[in-house]
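Q: Each chain is listed here by its residues.
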Amino acid sequence: MTAEVTIENVSHRFGHFLALDGIDLTIKAGEFAVLLGPSGCGKTTLLSLLGGFLTPTQGRLLIGGTDITHLPPSARPTTTMFQDYALFPHMSLLDNVGFGLRMRGISRAERHKRAGELLELVGLPDVGLKKPHELSGGQRQRVALARALAVEPDVLLLDEPLGALDLKLRRQMQDELKAIQRRVGTTFIHVTHDQEEAMAIADLIIVMSGGQLQHVGKPEEVYLRPNNRFTAAFMGEANFIQGTVTKRSAKWVEVELPVGTRRFPISSMINEECEIGASIEVCFRPEHVELAAKTTKACDLGQAVIRDVAFFGTHHRCQFQIDAHGEQIFIGHLPQIFEPANKNKLHVLLNASDAIILPAPGTSS
Amino acid sequence: MTSLANPNSGERHKALAFVLPAVVWTGAFFVIPFAFMAAMSLWKRVGTKTVQTWSLDNYFDFFAKSHFFDGLLNSLEITLTVTLLSVLFAYPLAWIIAMRVPERWQRAALLLAILPFWTSYVVRSYAWMLVLGRSGIINQSLMSAGIIDEPLELASTRAATIIGFVHFFVMLLTLTIYANLKQLSPNYARAAADLGASPLRTFIHVILPLTTPGIMVGAFLTFALCIGDYITPQILGGNNELVLPQIIMLQIGRRADLPAASALAIILMLIVSLVYLLCARWLKLERA
Amino acid sequence: MRRRWTDWLGALYAALLYGFIFLPVGVLVLFSFQSGRFPIPPFNGPSLKWYQAVFADSSLTDALVNSLVVALSSSALACVLGFLSAYGLARYKLPAAGFQRALIIAPFTVSYLIIGLGLLITFNTFGVSRSLFTVGIGHVVINTPLCFAIIYSQIGDHQVNIERAARDLGASDLKVMALITAPMLAPAIAASYFLSFTFSWDEFIIAFLLSRFEVTLPVEIWSLLRSGLNPKTNAVGSIVFLFSVFILVVLEFTVFRKHKRN
Numbered sequence: 007m008t009a010e011v012t013i014e015n016v017s018h019r020f021g022h023f024l025a026l027d028g029i030d031l032t033i034k035a036g037e038f039a040v041l042l043g044p045s046g047c048g049k050t051t052l053l054s055l056l057g058g059f060l061t062p063t064q065g066r067l068l069i070g071g072t073d074i075t076h077l078p079p080s081a082r083p084t085t086t087m088f089q090d091y092a093l094f095p096h097m098s099l100l101d102n103v104g105f106g107l108r109m110r111g112i113s114r115a116e117r118h119k120r121a122g123e124l125l126e127l128v129g130l131p132d133v134g135l136k137k138p139h140e141l142s143g144g145q146r147q148r149v150a151l152a153r154a155l156a157v158e159p160d161v162l163l164l165d166e167p168l169g170a171l172d173l174k175l176r177r178q179m180q181d182e183l184k185a186i187q188r189r190v191g192t193t194f195i196h197v198t199h200d201q202e203e204a205m206a207i208a209d210l211i212i213v214m215s216g217g218q219l220q221h222v223g224k225p226e227e228v229y230l231r232p233n234n235r236f237t238a239a240f241m242g243e244a245n246f247i248q249g250t251v252t253k254r255s256a257k258w259v260e261v262e263l264p265v266g267t268r269r270f271p272i273s274s275m276i277n278e279e280c281e282i283g284a285s286i287e288v289c290f291r292p293e294h295v296e297l298a299a300k301t302t303k304a305c306d307l308g309q310a311v312i313r314d315v316a317f318f319g320t321h322h323r324c325q326f327q328i329d330a331h332g333e334q335i336f337i338g339h340l341p342q343i344f345e346p347a348n349k350n351k352l353h354v355l356l357n358a359s360d361a362i363i364l365p366a367p368g369t370s371s
Numbered sequence: 014m015t016s017l018a019n020p021n022s023g024e025r026h027k028a029l030a031f032v033l034p035a036v037v038w039t040g041a042f043f044v045i046p047f048a049f050m051a052a053m054s055l056w057k058r059v060g061t062k063t064v065q066t067w068s069l070d071n072y073f074d075f076f077a078k079s080h081f082f083d084g085l086l087n088s089l090e091i092t093l094t095v096t097l098l099s100v101l102f103a104y105p106l107a108w109i110i111a112m113r114v115p116e117r118w119q120r121a122a123l124l125l126a127i128l129p130f131w132t133s134y135v136v137r138s139y140a141w142m143l144v145l146g147r148s149g150i151i152n153q154s155l156m157s158a159g160i161i162d163e164p165l166e167l168a169s170t171r172a173a174t175i176i177g178f179v180h181f182f183v184m185l186l187t188l189t190i191y192a193n194l195k196q197l198s199p200n201y202a203r204a205a206a207d208l209g210a211s212p213l214r215t216f217i218h219v220i221l222p223l224t225t226p227g228i229m230v231g232a233f234l235t236f237a238l239c240i241g242d243y244i245t246p247q248i249l250g251g252n253n254e255l256v257l258p259q260i261i262m263l264q265i266g267r268r269a270d271l272p273a274a275s276a277l278a279i280i281l282m283l284i285v286s287l288v289y290l291l292c293a294r295w296l297k298l299e300r301a
Numbered sequence: 061m062r063r064r065w066t067d068w069l070g071a072l073y074a075a076l077l078y079g080f081i082f083l084p085v086g087v088l089v090l091f092s093f094q095s096g097r098f099p100i101p102p103f104n105g106p107s108l109k110w111y112q113a114v115f116a117d118s119s120l121t122d123a124l125v126n127s128l129v130v131a132l133s134s135s136a137l138a139c140v141l142g143f144l145s146a147y148g149l150a151r152y153k154l155p156a157a158g159f160q161r162a163l164i165i166a167p168f169t170v171s172y173l174i175i176g177l178g179l180l181i182t183f184n185t186f187g188v189s190r191s192l193f194t195v196g197i198g199h200v201v202i203n204t205p206l207c208f209a210i211i212y213s214q215i216g217d218h219q220v221n222i223e224r225a226a227r228d229l230g231a232s233d234l235k236v237m238a239l240i241t242a243p244m245l246a247p248a249i250a251a252s253y254f255l256s257f258t259f260s261w262d263e264f265i266i267a268f269l270l271s272r273f274e275v276t277l278p279v280e281i282w283s284l285l286r287s288g289l290n291p292k293t294n295a296v297g298s299i300v301f302l303f304s305v306f307i308l309v310v311l312e313f314t315v316f317r318k319h320k321r322n
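Chains as they are written, first to last, in the numbering used here: chain L, 7 to 371; chain Z, 14 to 301; chain U, 61 to 322.
By construction, these hints were calculated from the structure, which means they are not laboratory data.
There's no promise every hint is true.
DMTMM-like cross-link-like pairs, simulated, lysine to aspartate or glutamate; straight-line CA separation at most 20 Å [stated by the list, open to error]:
hint, chain 1, residue 1, chain 2, residue 2
1, L, K224, L, D360
2, Z, K27, U, D217
3, L, K136, L, E123
4, Z, K27, U, D233
5, Z, K78, Z, D270
6, L, K253, L, E243
7, Z, K27, U, E223
8, L, K349, L, D314
9, U, K235, Z, E24
10, L, K174, L, E202
11, Z, K57, Z, D74
12, U, K235, U, E223
13, Z, K195, L, D90
14, U, K153, Z, E24
15, Z, K27, U, D228
16, L, K34, L, E227
Let's have the full structure, built from the sequences with the hints guiding it.
A: As structure tokens, then:
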């Protein structure tokens, strides 16, 4: 069971606080979508609107083309997996998982059989007679998933379900969630503030901030070609270098940076309408910093001094200061085998096609 | 309490010094008096003297003398009625305050609901006399409305005792049930609704079982306080259907028969202990 | 639309129950301002003459002072006993800790009448004459478990490290208790003190059994009831009520407000 979710111009207010501001969004049937953003960005509000626990101040919600804006939770083809799991503590796991079926008037034998199958699906066979308090956090999370899936919803809503788990278990559950989603084919809408979790599980990432959509796209797009500075910074560590557009052709753009004038392919520009003279920011990730030019399109960042270095296992994380311009600092990852030291002076490069060019903050896009 | 153990004996002496004052006090003024009362219950009042003959006569009297045993039956009937009615009245109020009143007004609504708790206990029963008496508010209102011609006998009845008790214990139970409702995650109700339960079924299958501890704590307190109370039945109940505490007070006061009073008091305590054991699994003292 | 219908029903129910809860108190306070001789309708006031009568009645004012003295001192002692024992049982591993805890809590589960009767028999046996002092002893017995339970429930293991830190920095055991533990538990201690105070202040049966010539206010009011319905009783009752509410309001805006903020 699966269906497409459409959100049309939805806004929601709590008193004077505008929690959601004109959201338009379509999530395709069977997609694993992740609502990602810092706390207070509106992601949980959006999930509550879809679950029916809130009614939007404005706009429409459709599932499989049916308007569900004013339906109560019980009448919607959605189920929610709650952050605290909300397993009924006085019921056995079989009764918990079978609760939705019981409400639909399905016989005891039938619903226990079905509940048993679902517990097996989530990797918990033979525990059906236990009570929730006898389980570990990770196991409760699985039971909550089984309970939500038992009524075969078109859309499953997951409210930070992995938040209470420790890191290792969280990574493991991410894989399992994704595998289960593939198997049942239900549309999953998952809320989190952890961008690594989002990239690990999502088909579609919806980055939110201040009640608005910042960027909607596949994990690769959102990470490598973020629409704006917020998304770039939120998806992972990013460096920003201010500059001005000085020239442009059909294939390249020339930018005046503190380290000199550099050329970037025109595809680097996120907003291609940037005029000559416009203030921009060149944005690149630490792993794009290189010591030796691999391509001819390298952008030379000049001589840099290492101010601080730390070993991260997969790489060395270095803080660079560019010689001539004492205030300009950026982060770069140097290879595992390389042994950088403090105050080393290095010649640093950047593959120009890895960088992106964003309008400078404050300028309208 | 687990990892804090400090096995050396100096620490143990210090710990005893903390606990000892309360233990000694309780021993001297609770355990010893209780032992005296237990001993006294085995003695006998003969004429104007208390005779130290060890016998269970006072306990046999309880079953032999019908007015003693009737007192117990009256006590039980009244207490059970009061407990049941108080739960039934208090639950919806606690639910409305916890679920329907906006969050920032809840504390005020709750404080208001238990405000009359703070009137003097003696005065509260007296106040019901003003309401229920022959020339009280209710009779006067009904008569001036022309519904009745003669004042109703509302005061000095078992009903008056029950009204007085229910008034007090509704406030107590509202408090315990409200506290229980508030500590439930709102997601329980949401999850039930989400899985297709109607409001009624959500209540029956989820909310009610989860608030059983709050109900039981309040109900036990109601039972224990109600069955041991002298004031309310003495002021509101008249003198025709005595309850156990009234009979105990009669033995102490009018007849100066402390042995009989002691035996009755111990029977009263046994009943409360029995009910405590029945409810024990819901009544736990827990540390934050 | 069904939602609105049930909401109305709920509001009606709440209004009726609030009415029931406030009816006797309302009548009590209203007719304390009666100017006639009986606190029954019709109301012909307002008049303060019954309040004057209360303050002119020395047995009532004496009883009020007696009640204050007994309540203030017995709850202070109950609080100290409760705090010390709660601290000892929560922080140290003691032999038979469960038994000691049960013993301290025990008076809480026994009806006041039984505690009063036991003390009466004991005092008779040892020839101790009944007085405000014996009433105070009884009130400490009933309030110590209360103070213990409230304070014990608030001593969390999470505060242990704060105490350890103080010890680590050189504070003696007494200093830790005075400067760290007691201030951290101040809301619980204050709450248990005020609760004990109101319990003692309002307690009737123990005070009735254990006092003789000097009595507390509830016992004095009890003997006032023999004169039947009397606006003077309304006036005393209203004073007691307003006094309790005053304490409650002070508590609400000081101790509990602070506690919540933490």
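Q: Next step is simple, just say for each hint if it's right about the structure.
A: Hint check results:
no., hint, verdict
1, L:K224 to L:D360, "holds, 17 Å"
2, Z:K27 to U:D217, "holds, 19 Å"
3, L:K136 to L:E123, "holds, 16 Å"
4, Z:K27 to U:D233, "holds, 10 Å"
5, Z:K78 to Z:D270, "holds, 15 Å"
6, L:K253 to L:E243, "violated, 29 Å"
7, Z:K27 to U:E223, "holds, 16 Å"
8, L:K349 to L:D314, "holds, 8 Å"
9, U:K235 to Z:E24, "holds, 16 Å"
10, L:K174 to L:E202, "holds, 13 Å"
11, Z:K57 to Z:D74, "holds, 11 Å"
12, U:K235 to U:E223, "holds, 10 Å"
13, Z:K195 to L:D90, "holds, 16 Å"
14, U:K153 to Z:E24, "holds, 9 Å"
15, Z:K27 to U:D228, "holds, 19 Å"
16, L:K34 to L:E227, "holds, 17 Å"
Hint 6 from the earlier list is the only one contradicted by this structure; the remaining hints agree with it.
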